[in-house]
Amino acid sequence: MNAPPIRQDAPDHRGNTGITARPPRVLVNGHPTDPAVVVYRVEIGRHRQTGVVVEVSINDYRTGRIRRHEDTQPARVRQIDELTEATGVEQMPVMLVHRGHLHARLGEITAARPEVHVTSKGVAHSVWIRREADLMHALNEEISRISTLYIADGHHRMLAAERYAARRRHLGDDHPSAFTLAALFPSDEMRILGYHRCFALSKGSSAQDVLDRLAAQSVTARIEESAAPETERGVVAVGLGGRWYRLSLRSRPGPDAFAIDEELLPKLHDLTDHQVPTAPNRHHAMETCWCETENAIRLIPHPPTIEDVLATSDAGLLMPPKSTWFDPKPNPDLFRRSLTGS
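115 is the number of the first residue of the sequence shown in my numbering; add one for each residue after it.
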């Protein structure tokens with residue numbers, strides 16, 4: 115498990131007690147943009163979240179002003195780190211959330227026609243670009259008063275950015291490598307789904323074996339068959355042998371993903387072969403996956419709330435990898451940022 119970043123309440127070496135950010139120098143939809151206020155809106159159906167794209171200091175991650183809630187997979191971090199090292203380019207912003215809202219004339223900005231508007235996979239992405247010096251200053255002032263940012267999506271990218279920056283400390287605190295591209299959104303506009311967990315059953319294992327094992331665990335209050343997959347706080351949907359079950363958990367602190375990964379799955383290790391994490395459906399419907407047609411078990415946790423996520427981060431705890439799915443996400447093809455300073 116990767117060690118969490120050091121937490122401290124004291125100012126960093128620049129004397130800052132809040133977030134250090136600056137207007138980004140970035141390619142937007144393939145077009146270069148000098149430092150500017152970049153407002154970014156993501157919409158799907160009735161859901162809308164509006165934030166800003168900035169460069170945030172890697173040092174804020176090191177000192178715990180940018181906090182994580184989820185553990186990372188070393189192979190994925192290494193893959194991103196190697197790609198960044200080879201290209202010198204950041205491919206996608208980390209998605210960060212903050213309590214409260216930024217106000218620096220964002221309503222006025224988004225009332226105008228966006229410079230970029232693209233739709234991908236049913237998600238609309240709009241970008242407004244403003245270059246007024248007073249507006250950039252006002253936004254920086256607001257961000258500098260934010261004490262903490264929280265990683266929503268991009269734990270692997272943030273850790274890879276920290277490693278890239280660590281190899282270039284000699285270039286100074288203002289070099290592009292000392293920052294990473296981030297999209298900042300207010301926490302009350304975020305939507306979270308829960309990752310499904312699918313495991314093939316090992317040879318000789320049956321659905322009844324799994325049900326008996328699950329029912330015997332101290333964290334299980336009861337397990338009963340249901341007509342369809344349903345989740346709620348403290349209830350995990352279990353798919354086995356073409357049937358669905360409701361597994362009710364005994365009262366315990368923390369998101370349901372903790373109970374699944376720390377208390378249930380370890381007890382099934384001899385009954386299962388391998389895991390394939392599957393992304394949840396945007397509309398909370400339980401989408402079809404290979405688990406439904408194979409000799410397998412499917413576990414669907416109820417998603418944590420945004421307050422669960424922030425509390426986990428503030429406590430210095432880590433959920434297992436792939437515990438949360440923030441949806442919708444930034445467009446992976448919309449922004450590009452050079453780390454070489456050229």
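Do not rely on the hints blindly, as some may be mistaken.
[Stated by the list, open to error] No farther apart than 30 Å at their CA atoms in a straight line, the calculated lysine-lysine pairs in the DSS-like style are these: (1) K436 - K381; (2) K317 - K381; (3) K436 - K317; (4) K235 - K436; (5) K443 - K235.
Source of the hints: derived by calculation from the structure; they are not laboratory data.
Computed from a prediction, not measured in an experiment: that's the story for all the values here.
Find the hints from earlier in the document that the structure breaks and name them by number, from lowest to highest. Hints that this structure does not satisfy do not exist here, as all of them hold.
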